[in-house]
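Following the hints, put chain B in place on chain A, whose structure we already have.
Chains as they are written, first to last, in our numbering: chain A, 71 to 484; chain B, 71 to 484.
To be clear, the hints were calculated from the coordinates, so they are not data collected in a lab. Any given hint could turn out to be false.
Copies of the same chain look alike in the list, so a pair counts if it fits in one copy or across any two.
Claimed, not checked - Restricting the straight-line Cα-Cα distance to at most 20 angstroms, the calculated cross-link-like pairs of lysine to aspartate or glutamate (DMTMM-like) are:
id, residue 1, residue 2
1, 293, 237
2, 332, 403
3, 380, 364
4, 332, 161
5, 293, 263
6, 372, 195
7, 372, 360
This structure is a prediction, so every number in the text was calculated from the model and none was measured.
2 protein chains.
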Amino acid sequence: LRTLTPPAPAQNGAHVLRAPFQLEPPQAKTLAMLRQHGDLSRTEIADATGYSRATITTVINHLIDIGIVEEIGDGISNGGRRPRVLSFRADFGYLVGIDMGATSLDLVLADFKGTILTHDAIEIDVRQGAVAILTVIRDCVLARLREANIAAERVYAFGIGVPGPVDFNAGMLIAPPIMPGWDGYPIRTFIRETFPNAVAIIDNDVNVMALGELRAGAGRTHKNFLFVKVGTGIGAGIICNGVIHRGADGSAGDIGHICADKNGPTCHCGNIGCLEAIAAGPPIAARALEAVRENRSSILAKYAQVTGGKLTAIDVGRAAAEGDPIANEIIHDSGRIIGEVLASLVNFFNPSLILIGGGVSGIGHQFLAAIRRGILHRSLPLATRHLRIDISPMGANAGTAGALALAMEHVFVV
Amino acid sequence: LRTLTPPAPAQNGAHVLRAPFQLEPPQAKTLAMLRQHGDLSRTEIADATGYSRATITTVINHLIDIGIVEEIGDGISNGGRRPRVLSFRADFGYLVGIDMGATSLDLVLADFKGTILTHDAIEIDVRQGAVAILTVIRDCVLARLREANIAAERVYAFGIGVPGPVDFNAGMLIAPPIMPGWDGYPIRTFIRETFPNAVAIIDNDVNVMALGELRAGAGRTHKNFLFVKVGTGIGAGIICNGVIHRGADGSAGDIGHICADKNGPTCHCGNIGCLEAIAAGPPIAARALEAVRENRSSILAKYAQVTGGKLTAIDVGRAAAEGDPIANEIIHDSGRIIGEVLASLVNFFNPSLILIGGGVSGIGHQFLAAIRRGILHRSLPLATRHLRIDISPMGANAGTAGALALAMEHVFVV
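The shape of chain A in the complex, shown without the other chains (with noise of 0.2 angstroms):
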């Protein structure tokens, strides 16, 4: 790595986002071309980045000297000779991409080239704090760099998506609800301590889940979509021109608490008829109970039977699937709900792709239809013209995707 700026020490202000490497504007073009596109030849780098061809030649001489890239074989000629093929060498170093929910996460290793190696799912309580949890990630991955006999200084970026307020430029979580514990605490200065090569890149879970459908999923032919997760909250993941947008405060994309309903129930936030009190996970499994309660559904208080009284938003879509009419009625309200706030959504954003995802997005095709129905009656014509609305199809693999996709973009360009 002759050239290229050591990284900052880890005792000082590690907490500052700062990439491994420090590239010149040709050099970090040259790779992101080959991050976004794949393996390119040296005149599709000079076409797509707008430097010269000799330029070109000289950035890629020196990248391949330093192992970052390697030539790998003939592309499709022309008329002339074959084009030799660039690509990045699979073992100049490792990432780590880690989606986190409340319960538990899912941990990926991949190589350079974003091929996972090693993918673990382990059960955690979140409210242990940031140590607790930091220190099962940090074990984990020792324990299968070990395997591979890779020292940690070879892994040069976390991708960390967690179910909170994320401060993204700090790499902290802020006042996190479910969180407690982790509220402004430097996860990476943590990290550095042990890997002290590694940026570690945070970010809202919804953000990250919409970055692994851009990159890796069904966004990849989209610039504008939407990520909608609905799970025990209901959060929107928002692509703007192919970027993630978090707005002026790192908020963007809370939509559980917009206003669905005047004469709605009362939300946990204290406000009247937030969208997510009334189509969350969690509403859906209350109505549910109220009609086992009200004997309403003899299929649903079967569930409640087997279950010792409590009920999931998942139960009712069994119901519903068993033709239960009191769960398709609550499915179809809550789909409809939400279709109604995302109708606003789409009348203001103009998306040409809404995604649903999260536990909730299983619970049944009539789910979607729903959504489906409810954002075509009240959008406008013009704006859903091009408008897919899909469940998400990467489900639970846009987290480690999108995590993945966060830790290669800051390796070297921040």
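Same frame as chain A, but now just chain B:
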């Protein structure tokens, strides 16, 4: 203009968006820096673009040779010799900015530094169609050029804000409700027939006003903000990460038909309770007239008498200023409902600034106060921590300033 690519011929595909000059990346970046930041030294340009001092020197010498850029005296010294400051040459070329409304248009002619040379306010009836209005525009520009002894070939760009939906890339209006006869009309071709070197950039009027605030107004220090125009209809221009967000189909910001009240009146679009059917100028006037008919306001009755039984939102503002409680209530209700809808958009988009403009925005301070209350009541604290909500200080000038900016930004780079 030796090495600049000449403008595309007008007779063939002139409706395609194409900059008059095609530049190499270092030239384009240098000019973009001068456009965004005003006068700069060579060192500042090198630092800001990331190109070497040697590259920038070559670029600047070339731009001086061909007459785009000039040296304008000394900048501030950093200890050594005082650096020469570079600037656009005012007389390199000329730009036209047009802010078109339904019944009037503002037309400004500016030099290459953006200095406005002439300003015409012309009464029109936009329903006369594209050819009639474009002929008025053409003749006005030709007259002003003749007075200043400038050839039509020296006009390099028209920026035009229009009150209707636009296909930005095609430079055409698409099924505009209040502009029949403009649908799909090739405005660019019309302009090129008289101004062979000019590109014409057409955009929605609210987008153009937002751009005006971004470049020359209250938006200069904000990267994510909304310009909300309240007039006959209600629309928003969205600045996202420092650029206009037009969305997948160019319809982003069309917030007038967001549902503000499920039990509200039927809108002309056929839906129930659209924001603009409740809170724009016409419903404000209609409620006031109703109060007159029901003998509930002597002050409003006085205004209605003067105008022969007609009232506008401006009259309601005047009555409120005289202390009329009914007028105050109408204005307050309108502001509150606009604020409630904006609260949802604040949660979603997390802007740092909302500017209220358009004809209705001047009807009194209680209008802004009610909008503010509506927003703050229903938004998340994190999203409003740094949120400013103001009446647009540029007012009617935002449109022409934005139209000039639109023109300037498309002369060199599309």
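Looking back at the hints listed earlier, which ones does the structure fail to meet? Hints 4, 5, 6 not satisfied by this model.
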